[in-house]
Amino acid sequence: MANNNLDVFIISDCTGKTAKNLMESTAGQFPDYELKMKTFTFVRSIEKIEEILMEAKEVNAIIAYTFVKTKMRNFLNETAEKYNLEYINMMEKPLNIVAKRLGKQPKQQFALKYQLDEAYFDRIEAMEFTLKFDDLNESKGIAEADIVLVGVSRTSKTPLSVHLSYLGYKTANVPLVPEVEVHPAVLENNNNKVVGLTIDPKLLNGIRIERLKKMGLGDDATYAAKERIEEEFEYADSIMKKIGCPIIDVTDKNIEETAIEVLSYFKD
5 MANNNLDVFI ISDCTGKTAK NLMESTAGQF PDYELKMKTF TFVRSIEKIE
55 EILMEAKEVN AIIAYTFVKT KMRNFLNETA EKYNLEYINM MEKPLNIVAK
105 RLGKQPKQQF ALKYQLDEAY FDRIEAMEFT LKFDDLNESK GIAEADIVLV
155 GVSRTSKTPL SVHLSYLGYK TANVPLVPEV EVHPAVLENN NNKVVGLTID
205 PKLLNGIRIE RLKKMGLGDD ATYAAKERIE EEFEYADSIM KKIGCPIIDV
255 TDKNIEETAI EVLSYFKD
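Our numbering numbers the first residue of the sequence shown as 5 and each following residue consecutively.
Check each hint, because a few of them may be wrong.
[Stated by the list, open to error] List of simulated lysine-lysine pairs, DSSO-like, C-alpha gap at most 30 Å:
| hint | residue 1 | residue 2 |
| --- | --- | --- |
| 1 | LYS136 | LYS86 |
| 2 | LYS86 | LYS97 |
| 3 | LYS246 | LYS217 |
| 4 | LYS144 | LYS206 |
| 5 | LYS104 | LYS136 |
| 6 | LYS42 | LYS108 |
| 7 | LYS271 | LYS257 |
| 8 | LYS24 | LYS73 |
| 9 | LYS257 | LYS136 |
| 10 | LYS108 | LYS136 |
| 11 | LYS230 | LYS246 |
[Claimed, not checked] Simulated restraints on C-beta separations:
| hint | residue 1 | residue 2 | range |
| --- | --- | --- | --- |
| 12 | ASN258 | TYR37 | 44 to 52 Å |
| 13 | GLU96 | THR45 | 14 to 22 Å |
| 14 | ARG215 | GLU129 | 26 to 34 Å |
| 15 | GLU261 | LYS42 | 39 to 47 Å |
Since the hints were derived computationally from the structure, they do not count as laboratory data. Every residue gets a Cβ at the ideal spot worked out from N, C-alpha and C, and that includes glycine.
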C-alpha cells in the first residue's frame, strides 16, 4: 500500500451512513492523503463478516462498523484481531451509555428507525435486478424475471420496468429490433411472463425526433423515419403474435396506469 493511501472498510447491518459520515469527516483532516473507502451495507450474517474481513486483510484495511447485535460485534472484533486489523466499533459505546442511563437493554433489532422488513429488501433486490437487465436480450435475465417487457424502442419499457421493480417485481425488458434475433427464451415464454408494449406510430415518431434533438442529431435520421418505424412495428407485431403474449397500447397512458394493466395479467 502506498504511503499516501489508506483503505477503510465500512461495514454495517443497515445503510452504513453513520460510520461513513464519521470516516469522511476524519478523512477531511488529512487532505494530503487518500482514504479509500469501501462500504458494505445490510450485512446480516457471520459468514458475510468473515468474507469481508478476509478481503480487508489483503489490503490491511481499517475497519469502521456499526452493528446492533452483540454477537456480530463480538465476532468482528475477534476476527479482526486474528487478522491483525485495526477496527472501530461505532455502535457499542453509545448503546452502553444509553442502556446504563436508562437501566434497559437495547432491543438489538436491525434498523428499527427505518422499519426495514422483508418486503423492503425484496424491493431493493427487484430494483437492482431490473437495472442490471435493462434493454438486454439475454437468457439469465429472461429466466429469472417475474415480468419480461418487449417492444420497439421508446415505448416506455425502461421507466415501466423501474416502476414495476419498485413495486417488488423483477422486470427485464427486451428491445425488438429487426436486425437482432430475439432470444429463444422470449419466444418460449415460460410461465407466461412476457408482455408486449405498443404505441401510436405518429406519437412514436414525435418522441424519437425529440430524442434525436436532445442527442444533437438531425430529425431526418433513420431512427425517426416513418418507413423505419413501420418496419419495426411489423417486426414487433410478428414477434408478439408468435409469442402469443398480451399487448398493451401505452399511447396517452402514464407509467402507473400501464403498470396496473401489466399486473392485471399476473393476478391469480
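Q) Which of the numbered hints are not met once you compare them with the structure shown? A) 1, 3, 4, 5, 6, 10
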